[in-house]
Amino acid sequence: MSAEPVLTVRDLRLWYGTPRGSVRAVDGVSLEIGAGQTLGLVGESGSGKSTLGRGILGLLPEGAKSDGEVLYKGRNLVGASHRELRRLRGPELGLIFQEPMTRLDPLMRIEDQFRETLEQHESKLTDAEIRRRSLDTLGRMGIPPTRFRQYPHEFSGGMRQRIMIALALVLRPSLLVADEPTTALDVIVEAQILRILADLKENFGTALLLITHNLGIVAEACDHVAVMYAGQIVEEGPARDVFAEPKHPYTRELLRSTISLDTRELHSIPGAPPNLITPPTGCHFHPRCPDIMRVCPAKDPIETRHDGDRRVLCWLHGPESEIPPGGGEPIERERIAVAEEA
Amino acid sequence: MSASAETLVSVRGLKTYYSIRGSFLDRLVGRTGAAVRAVDDISLDLRKGEVLGLVGESGSGKTTLGRTILGLVPATSGTVEFEGKDITKLSEHDLRELRRRMQIVFQDPHASLNPAMTIAQAVGHPLQIHGLAQDKEQVRARVAEVLDRVGLSPVEQFMDKYPSDLSGGQKQRAVIARAIILNPVLLVADEPVSMLDMSVRAKILELMLALKRDFDLTYLYVTHDLATAKFFCDRIAIMYLGRIVEIGPSEAIYEDPKHPYTQALLRAIPEPDPRRTIPRDLPRGEVPDAAKPPLGCHFRPRCPRAFEVCGWEARDLKELLERRWAEMGEEGFDAERAAVGPAESLNEPATTAKLHGHGGASGADLAGLLEKARTGDPDDPFWTGVKRIASENGALEVDWFDPVDPRLLPAGPVEVECHLYDEAALAEAAERRGARIP
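Protein sequence lines correspond, in order, to chains B and F. Residues 1 to 342, numbered by my numbering, are exactly what the first sequence covers, in order. Residues 1 to 438, numbered by my numbering, are exactly what the second sequence covers, in order.
I should point out that these hints are in silico values taken from the structure, not numbers from a laboratory. All residues carry an ideal CB built from backbone N, CA and C; glycine is no exception. Any given hint could turn out to be false.
Covered by chain F, according to a simulated footprint, are these stretches of chain B (three or more residues, beta-carbon under 8 Å) [to be verified]:
hint: 1; segment: 190-201
hint: 2; segment: 237-249
hint: 3; segment: 252-260
Some chain B residues well away from chain F (every beta-carbon gap over 12 Å; in silico) [to be verified]:
hint: 4; residue: Q37
hint: 5; residue: R54
hint: 6; residue: M108
hint: 7; residue: D291
hint: 8; residue: I323
Work out the full structure: start from the sequences and follow the hints.
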């Protein structure tokens, strides 16, 4: 990735306690996003992708624990004070949620939501400047200025999401985290929003972490993709390369089971994602993996790098020196009981 | 559409309107509110043993149509014949009898199961409601049978569990088990996989296909997802704002979509192939308010191929101006907005509009403004619908051609409701093109 990443995450661990034990939602994640770069974080529900997104912004619920490093422009946000995080959120770190209606104040005109946001962080702006900045950002999102004084309920779902994005971008953050930003939208509107996100780097130079369960969205809007399974990033690299030639069996199987217009036959991954209290030993994917070897349940996989900018967490790709003798032999996958099926 | 002997459900001229309660003042003075035309004059046949997909965006009326067919929502007019009986005329008592034969699976498996009922209780509930089991043992035996059939086995592991103990896919299996326990002939599946993870969707679809084969079921598959519909359905009906805009065999729809809306839907799907990107010329905007649908063709305001006969009107001019202003800088907007004023007359469906200049602007000034907008984007289909622009007595008058309502007409193997495939409409459009007053 580029020389000066906006965000560097190193060996981040996030966990929280439940009556049944502690849930390791994020289990040793490292990643980087450079200026103007878009990283797609894909995973199924329960993979820890949303927790990771929130953890980066310091937005975890009370009681959640964290360890490792989240370096934003060189500053470690893990352990940063509430005060410092609050100062960074907005002008430096932006967040776009899934359901825009629940994130806009229903009793405030759009104008006032922008005024509040700008006044909070840039107190020196005059009224005229606030209006210009707001209208300019809204205009780029295709919201006509005639609607500046309307309330959130007067807008359609897609327009609300555009307003949310404009509200995040009006402060010109260097990093934007978008958590399933199009899930609640219809397909044509989703395509409109994806176009806006894909153009962010040209129009705003923003680094984007796009969290989604939809591989199609990653292919559409992201340069890089990180695939998450059971709290870990199992594969990362340029989206084009990863999709064309996935290295991790989970990535490959996930791509195969995605139903698209090209789907000729249905395919699914046996079993279900594990709970994160007691994940399977060794590689967390081994109970469902068609390529399981002797070493997989016995030893935690070690990340390997390939072709310069790809990495994968799977014994199939080595390192050879760490695989015990005979560890590379394929073994019969335990039959997954129908009861374990999702 | 001729009703053949194998027709299971025959829908004719079906309308389902929801009345909107007006404001307090409206009710006080006895004004009745408007109506949302969720299903607006739909006719279709569901053949025995087929999977018919009802595909559309939110607000298209697909869910309401599915529910009206089951009698869960009262029809406003029209008929729904199920095995020869018009269910819109049946009493609640007779409908209940019929409901054994038709069942529904909802989108959200978490919300479809009572959290206080065990899986065995929930799945066996229909047997009790319809008084079809003599005793508890009989219910349990039958429940075990269907649970096994939907893949929740060994069944003892699931019978006494609560929904919260099950994964999303397992819950949806339980919901399906409950739907088939009465041996229905028709199953309406309303987005049955859209809340499930990608790696699970295929399993549920496969289960549904297997059940269809084994129990000779007919499916009405309600979805917004054209990719699963392509795989799952024999025929597809594309819905938009309460109307079927295209219907036909799946292969024909996917290979050669006719309606510009179908074309747009197919092109907008994000495919997991980074070499292919979504084209940039997609329809703008969103599904409009069904209480005040556009004149003529409902898709017209968003349609890249709309032309003279599609029903252009005053509200399209407002949208055109707003699009222009969104792109314009603040100063340009302020000046133009001051001249146009609030333009209340552009909020209602009408084929003629009169705009008075504000802040000293004359009708001619407004005409000049429109001309600028036209020069800025001369290919916008909006201009094909403008019949006359004139400035008189300080005001600007704009007339549009009268709307022509599109009809569902055969086009090759499909039927499509679009003027592009209607000879009469094309001829009318050619005539109007010559009659435009500059």
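Structure-based check of each hint:
1. 190-201: holds (count 5)
2. 237-249: Coverage by chain F holds for the segment 237-249 of chain B (4 residues, Cβ < 8 Å).
3. 252-260: holds (count 7)
4. Q37: It holds; Q37(B) is separated from chain F by about 15 Å at its closest Cβ, greater than 12 Å.
5. R54: holds, 20 Å
6. M108: holds, 21 Å
7. D291: holds, 16 Å
8. I323: holds, 27 Å
When held up to the earlier numbered hints, the structure conflicts with none and fits them all.
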